[in-house]
Amino acid sequence: MARTVGGVRGERDRVYVPYLLPALLIYTVLFIAPAAVTVWYSFTKWQGLGTPAHYTGLANYRAMLSNPVFLTSFRNTLILVVVGGAFVFALTFLTMVVVREMRGRAFVRSMLFVPSILSPIAIGTAVGFLLNPDGALNRLLSDVGLHSLTRGWLGPDLIFKCIVAAVVWISTGFYVAILMSRVDAIPEELYETARLAGANRLEQFRYITFPLSRDALSTGAVLWVIGSVKTFEIVIAFTGTAGSPPIQARTAAVEQYLSVTGGVSGTPQLGSAAAIGVVMFLLTAVLVVVLRRLLRSEAVEL
Amino acid sequence: MNQAADDVAPAGAATARAKARPVRGRPGRPGRRGRRGIDRLDALLCAAVRGVLWLWVAMMVVLTLWVVLSSLKTNGEVFENPFGLPKSPQWRNYSVAWSVSGFGQAAFSSVTVVAAAALLTMALATPAAYVLARVDRRSASRVITYFAIGMGIPAQALVVPFFLMANDLSTFMTDWVTGWWDDRISLALIYIVLSLPFTVYLLTMYFRSLPTEIEEAAAVDGAGPTRTFVAIMLPLARHGLVTALVLNIVALWNETLFVLIVVGDPQQRTLPATLLELYNTMQYTSDWGGLFAGIVILVMPMILLYLWAGRRIVQAMTQGALK
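So the sequence lines, in the order shown, correspond to chains C and Z. Using the numbering used here, read the first sequence as starting at 53 and increasing by one per residue. Using the numbering used here, read the second sequence as starting at 4 and increasing by one per residue.
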């Protein structure tokens, strides 16, 4: 019997289930189910393997609200997402204003991107070493006569600011790449017309680049939220103390890691660790929904 | 005045207008007051931003050079002469880091775990993505959404169950089945699970972008669905497959949280965890040259990968993000 085009579809239908099933099964059993189980763990008090888990209802969540250490880590996470995000996107916009017609732009763009594929542990270790009290930065400052500028960069007052700055420095290139890939698709004629009309670069950005890359901006903002809520490695690497980073430097993800491993005290609190995981998921979800609302716009077609 | 009123129009209006008429009015019309000032400000701002960008790039180059040079210094030089050249390059730092500080073992763990996880992820995701992209069933689009949900769930929501599962698996295998277990196998499993949602989604979008004529011609010529998939679609999708593979390699190579949580034995940990471990014990060992050698060992493969597949990585990351 001759196969027809309709037959192709029938053939493919036959492999639908066998081709799909392995991935679907593993994803459901090892990703979706554990994510759901986390919610249940978050209602228990559990010190880890070999000890019984007790159902305690919302006790973990209530304890979090009255635990100053957790509240600090949660506030830090929020600061990182909001303030860090403001810097990342401000820098991205400024870059977008000039990078279209800048000499060496391909080089600059690819260099800006490099940190986003490097291990945050490697970057954090190197930069953390640079910022040590006897580190290279303070030495450089006093060598050039700016002794008054030397300070304990990793001390309690400054450490989190340094972390936010490092995260901004590492991440911006990625968002430049995302937004610029959209800008690259904008027809050059639009800019030519604008130039003939006498528009300067700020105006070109305002009337062409920004509106036409708005959907990419909203995607970028969502990715930033998903990524920055999870900030973990850079803190650990900066402080060089995986067991107990200073409280001022902790993010929610670091706090959760300490709850799972028990930190220096050595007693894991799996129930509260699960609760922190749930809180981080909720924070991400809420922020993403809010952002989508704020940045919603009709799609602009080219 | 009219101009100013237009300028403060709501963003939505500006968006709509951008399509029709990119630039309103004639901003450069001679005689408008303040116009020249704005242009000068514009030029100044642009020059400043360019300066900052070049400074930014220069900082990265300097930082990289500083790390590489520090990795060739003696411990004393790292502190006493942080910005100078090493007197005589201490290649020993690399051999010490490799053999004494465990970077050799860690590199082996990193390469095997990442390679196994990335390849198995592809083996699972590719057939699934192919049928999801090509089958006309209502369930297909629902399944795609179901996989996409996973991209929005942070790995942190899975830390506790993965920690427990890895422990149970290790106990179960040691007590009942094989008599031994290697936590790195658990780690690879976790990596596969974590990479699946994004990989299935990205590949589904990629398969959709491929033309259907060739596979239909193949089918008319008598090729079965498996043969069509293996002989026609896989070579055709080569580009997308390599891209997904490279993206997973980058992500998994740098992963640290689950290594620390799942792999108990420091000897079995991957490179980022080993670097962290060395940094933590630095106050006792003070092998600073070796620390920088470790940074170079961890980072170098990704830099080489970027030199080889750079544009592809950037394109894939941005396309994956935008689709």
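Bear in mind the hints are in silico, worked out from the structure with no lab data behind them. Don't take each hint at face value.
[As the list claims (entries may be wrong)] Not the full set, but computed from the structure, chain Z residues with beta-carbon under 8 Å of chain C:
1. 48
2. 56
3. 130
4. 260
C-beta: ideal position from N, C-alpha, C; glycine also.
To see whether the hints hold, each was checked on the structure:
At about 7 Å, the closest approach between the beta carbon of residue 48 of chain Z and any beta carbon in chain C falls short of 8 Å, and the interface hint on this residue holds. Against a cut-off of 8 Å between C-beta atoms, the interface hint on residue 56 of chain Z holds, since the closest Cβ of chain C lies about 6 Å away. Because the closest C-beta pair between residue 130 of chain Z and chain C is about 4 Å apart, less than 8 Å, the hint holds. Evaluation of the residue 260 of chain Z hint against chain C yields a held restraint, the C-beta minimum of about 6 Å falling below 8 Å.
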